[in-house]
Amino acid sequence: MDYQLTETQQEIVNIARELGEKKIKPVREHYDETEKFPWDVVEDIRKADLFGVYLPEAYGGLGGGNFELVIAAEQLARSCGGIALSALTSSLCALPILLYGSPDQRKKYLTGLATGEKLGAFCITEPASGSDATSMRARAVLDGDHWVLNGIKNFCSGGEVASTYVVFFSTNPARGNRGISAFIIEKGTPGFSFGKKEKKMGIRCNPTYELVFKDCRIPKENLLYKEGHGLFVAQGTFDLSRPGVGAQALGIAQGALDETLAYTRQRRQFGVPVSSFQAMQHMIADCATAIEASRALLYSVTRAMDRDLGPATEKAIKEGITVADAMKALGAKRWTKESAMVKVLCSDTAMKVTTDCVQMCGGIGYMRDFPVEKFMRDAKITQIYEGTNQVQRNEIGMAIIKEAAAGAVREAVAA
Amino acid sequence: MANTGSGVWVVAETRRGKLLPTAFELVTAAKSIASQRGETVTAVVLGAAEGAEGLASAGAAKVLLLEGLGEFADDACAAAIAAAAKAGAPRTILLSSGVFGRSVAPRLAVALNSGLGSDAVALELDAEKRLVVKRAAYAGNVTQKVLVKSQSGPELATVRPMAYPRSAVNGSHGTVEKVQGDVSAAKGRTRYASFAADASPELDIGAAEKIVSGGRGLGDPKGFELIRALAQAMGAAVGASRAAVDSGWIPYKHQVGITGRSVRPRLYMACGISGQIQHMGGMKSSDVIVAINTDADCPMMKAANYAVQGDLYKVIPALIDAIKQARG
Amino acid sequence: MPIKIAVCVKRTPASTSVAIDAAGKVQTKGLPHGINPFDEYAVEEALRLKEKLGGTVTVVSAGEAEAEEVIRAAIALGCDDGVLLSDPAFAGSDGSVTASVLAAALRKAEAKLVLFGKETTDGASGQMPAFTAAWLDWPSVIGVRKVAAASEGELTVERLMEDGVDTLTLSLPAVVGVIKEINEPRLPSLKGKMAAKKAPVTKWTAADLGLDAAKLGAAGSPTEVVGLEPVPARPAGLVIAGATPEEKAKALVEKLKEAKFI
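In order, the protein sequence lines correspond to chains A, B and C. Position 142 (the first sequence) corresponds to 142 in the working numbering; numbering is contiguous. Position 128 (the second sequence) corresponds to 128 in the working numbering; numbering is contiguous. Position 194 (the third sequence) corresponds to 194 in the working numbering; numbering is contiguous.
If you're looking for bench data, these hints aren't it; they were derived computationally from the structure. We treat Cβ as the ideally placed atom computed from N, Cα and C, and that holds for glycine. Be careful, since some hints might not be right.
[Unchecked claim] So these bits of chain C aren't anywhere near chain A, every CB distance computed over 10 Å:
| id | residue |
| --- | --- |
| 1 | V18 |
| 2 | H33 |
| 3 | E51 |
| 4 | K52 |
| 5 | D122 |
| 6 | A148 |
| 7 | L172 |
| 8 | N183 |
| 9 | P188 |
| 10 | G192 |
| 11 | K193 |
| 12 | A213 |
| 13 | A214 |
| 14 | E247 |
| 15 | K255 |
[To be verified] List of simulated lysine-lysine pairs, DSS-like, C-alpha gap at most 25 Å:
| id | chain 1 | residue 1 | chain 2 | residue 2 |
| --- | --- | --- | --- | --- |
| 16 | C | K215 | B | K324 |
| 17 | A | K333 | A | K226 |
| 18 | B | K302 | C | K108 |
| 19 | C | K52 | A | K47 |
| 20 | C | K215 | B | K149 |
| 21 | B | K187 | C | K108 |
[What the hints assert, rightly or not] Ranges between beta-carbon positions, derived for each pair:
| id | chain 1 | residue 1 | chain 2 | residue 2 | range |
| --- | --- | --- | --- | --- | --- |
| 22 | C | K25 | B | G235 | 38 to 48 Å |
| 23 | C | R48 | B | E67 | 31 to 41 Å |
| 24 | B | K222 | A | G397 | 18 to 28 Å |
| 25 | B | G248 | A | A285 | 34 to 44 Å |
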């Protein structure tokens, strides 16, 4: 399917694909097995200029948007969903800073993230606070010119390896939803340490850590956006970041199908390649169709987002305001529903396709020295993080009912 | 100007005073051409070398020792052979197509205004008794026949090691002549500094009659201990696939295939090698192929004369025992 | 001291599974093509030498107009500019004649150090470095696995031989053929690729190089491909039977004994 990429976008795809083939494929099994962070591949991704494809040129990026991010992530994930995550976790740190950071914060933090010189991470989860962010216990208290952070955050993807963290704390527990604030914290700040490293089912090369804050003092200006607007920052970020998870899922699905096609064309039973059996062909057809449908939605939604994000970013840089405020000023809509749809469709596709791929490869597909079982393990997380697919469906359902209600009101007026 | 020379020369490579055995293969190749034209074979030996006189009793009517060359430098070797060829005017000159042949033959061709057919797996003559080189291209998927057209100089060809059997001592008595090599054309621009022999003196895969190779199926570097044990039992050289070399299990010089070296042994035993096209391109012209693999459907098992399906960690030890028993 | 380096590359089919057409020619039209994989090591080494010594790297390729793609691919990796040698008169040239064209271009480009890959994946003769050096009357060395020292005046290299490693010093100008072991080629960067689209690629014809058309092409070449045939697949072999590894081992050893390998 020809998605009419620009010359630059096609180069992003080519470079990410070549990097995946030459640098990621040979080492993916090793990093999955050892659960070590792939610093050498991160260096390759950095040298290829892929870290900043979606960030403004003013901060050392390529000047693309969310579309550029997802096509790069898709191709990297096609070789390994875990290694691709090392770039994606950074974007989950850069996006809130891009959207809600002050001009000074953008300049200070985005530059290193755009070049890949620094990695970023994002953490909102707590042991007792997952989908329900309002039950957050970690506290930030203002003390003169500093915020004092205390508490434990967990399941931080890219923890320990990242230099820059966007983390959420309650600044006013009494206000619940409106008492949460986002902060930018740098690794090495006294009082900020790493706790338990999780042992995971998939994406095993990407470290998932507990973040421990013990009287950690950060300068006042490290508050991201306004006090009490943390949940708003998180939601606005997820609106734009969920397609990244979609891209990761899509790449995983495509990569699993690539491997499966190569194997089933070569594997012979009853004297013929197993790909010549109709039962196999129907499964292949279903996988390929689901992948293409997911891709079509992912691409069209991110392209539509970029039509808002591009002008807003330009306006924000010119006027010295936040991108979020610029979007509001330009009357940009929220992308909650579509972004959730992308994530649900792509990640459900990934789980279905990778499961079918293991099935199509038979016994060998289940073995760890053949890559498809890893794709299946890696796929599962995409249905869970950045909001489970059940939470996504809540968002989609609510948005649709709201839209219908609004439409009904209009109809009544017209009548 | 037509080629007015006569006779077939073979360039016998030497390394540190030792004649390389490929010289005897070249004599066989040269005889096949010379006999059709009623010509004789001359072996040109680079430097006085142990065993060089043996060529005179293995089919070379004349052995020409080019002295004073020192160790192998491309331009000096080419200059000395070119000077000798201008004086001796052969019709054909053959070299072996290893690093030496690839380094020297093209320089010789330009110096002598000759055509060069490279990396022959067989030599033929056309109706006008001109040299035709049969060679492999496109990773061994295509056979080319290249006519070396006579210009003013001799026709040149490099011949792939192991393409011809080694000429045996046959009681013939050729003459031996010593000549001072003329390296003046090289202008002393290349200085040979030193040589470092391989740490473990193993059989070279390029010249080996038998090769035992290991690949990805070994699973880890220790697998090569087993491969070496089998190679030792067979009297074979140790080869490897690209996957094994890229994994750091064994040095690059063991790599067989288009990205390593093309080999043509009489027996090639592929253990845990599935047979990627690049690997097959470098060994599929071996006389006999044995494959040991768990996957009966992989290309190597399909290409093998003898395919053994099974876990190489079980099959190879059993094989070593069986070989020892067979040898008594 | 800065040095003018050139690296010679070829555009080759990405696959070696090629068909032979009715006219007896290898059919490569329509196949995906790219830079000859062995040339990537030469490009990488050229870039490393440039990073060490300063200077420039010029990519040189002889071929049809499409060869410009691989020149730009090398520029995307960090080479400075490119020269495409294209002329209908070059068509059908053999290795020696193609090398004479490269040599004329390298002289015109004032290159002082020329790098080549081990061989191409199509013709696979591996003789272009020595041919080119011969036409230039420069020293040459192939099979290079390491550049041990480099200066404006000379180059010390390690050459991988069948039995070990030679160390040689060549005075410049010189031609060097490298092997895979020498380095690990870098991948292109996005910014490099975008810049490469605008980089200067000069086109030279036989006339630009002052070459005599009579000494070019098929007619001017001292060798001629007179036959071309696909290599038949090896006939199916024997599957060694046996219930246990020991039985199979015994059966195989019997066969190897019959063939006098044991």
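So, going through the hints one by one against the coordinates:
With a cut of 10 Å on Cβ distances, V18 of chain C stays outside the contact zone with chain A, its closest approach being about 20 Å. Every beta carbon of chain A lies more than 10 Å from that of H33 of chain C, the smallest distance being close to 14 Å; the non-interface claim holds. For E51 of chain C, the non-interface assignment is confirmed: its Cβ lies about 14 Å from the closest Cβ of chain A, beyond the 10 Å cut-off. Consistency note on K52 of chain C: stated as away from chain A, and its beta-carbon is indeed over 10 Å from all of that chain's, at 18 Å minimum.
Listed as outside the interface, D122 of chain C is consistent with that label: its C-beta sits roughly 21 Å from the nearest C-beta of chain A, beyond the 10 Å cut-off. Every Cβ of chain A is farther than 10 Å from the Cβ of A148 of chain C; the closest lies at roughly 25 Å, confirming the non-interface assignment. Residue-level check passed: L172 of chain C sits 30 Å from the nearest beta carbon of chain A, beyond 10 Å. Even its closest Cβ contact with chain A, about 14 Å, leaves N183 of chain C beyond 10 Å, as expected for a residue assigned away from the interface.
A beta-carbon of chain A comes within 10 Å of the beta-carbon of P188 of chain C; the shortest separation is about 6 Å. For G192 of chain C, the shortest C-beta to C-beta distance to chain A comes to about 8 Å, within the 10 Å cut-off, and the non-interface label is violated. In this structure K193 of chain C is not separated from chain A by more than 10 Å, as the shortest Cβ-Cβ distance comes to only about 5 Å. Distance check on A213 of chain C: its Cβ is at least 38 Å (rounded) from any Cβ of chain A, clearing the 10 Å threshold; non-interface status holds.
Look at A214 of chain C: its CB is around 43 Å from the nearest CB on chain A, clear of 10 Å, so calling it non-interface holds up. At roughly 25 Å, the least C-beta separation between E247 of chain C and chain A is larger than 10 Å, which holds for a residue marked as non-interface. With a least CB separation of 25 Å from chain A, K255 of chain C remains clear of the 10 Å interface cut-off, as annotated. The straight-line distance between the Cα atoms of K215 of chain C and K324 of chain B is roughly 61 Å, outside the 25 Å bound, and the hint therefore fails.
Between K333 of chain A and K226 of chain A, the direct Cα distance comes to roughly 21 Å. Compliance with the 25 Å bound is thereby established for this hinted pair. Under the criterion of a C-alpha separation no larger than 25 Å, the hint pairing K302 of chain B with K108 of chain C is inconsistent with the structure, at around 52 Å. Our distance criterion of 25 Å between C-alpha atoms is met by K52 of chain C and K47 of chain A, whose separation comes to about 19 Å. The hinted pair formed by K215 of chain C and K149 of chain B meets the criterion: a straight-line CA distance of about 14 Å does not exceed 25 Å.
A C-alpha spacing of about 23 Å is found between K187 of chain B and K108 of chain C, which places the hinted pair at or below 25 Å, so the restraint holds. For the pair K25 of chain C and G235 of chain B, the beta carbons lie near 44 Å from each other, so the given range of 38 to 48 Å is met. For the pair R48 of chain C and E67 of chain B, the beta carbons lie near 40 Å from each other, so the given range of 31 to 41 Å is met. Separated by about 57 Å at the C-beta atoms, K222 of chain B and G397 of chain A break the suggested range of 18 to 28 Å.
A hinted range of 34 to 44 Å for the beta carbons of G248 of chain B and A285 of chain A is consistent with their spacing of about 41 Å.
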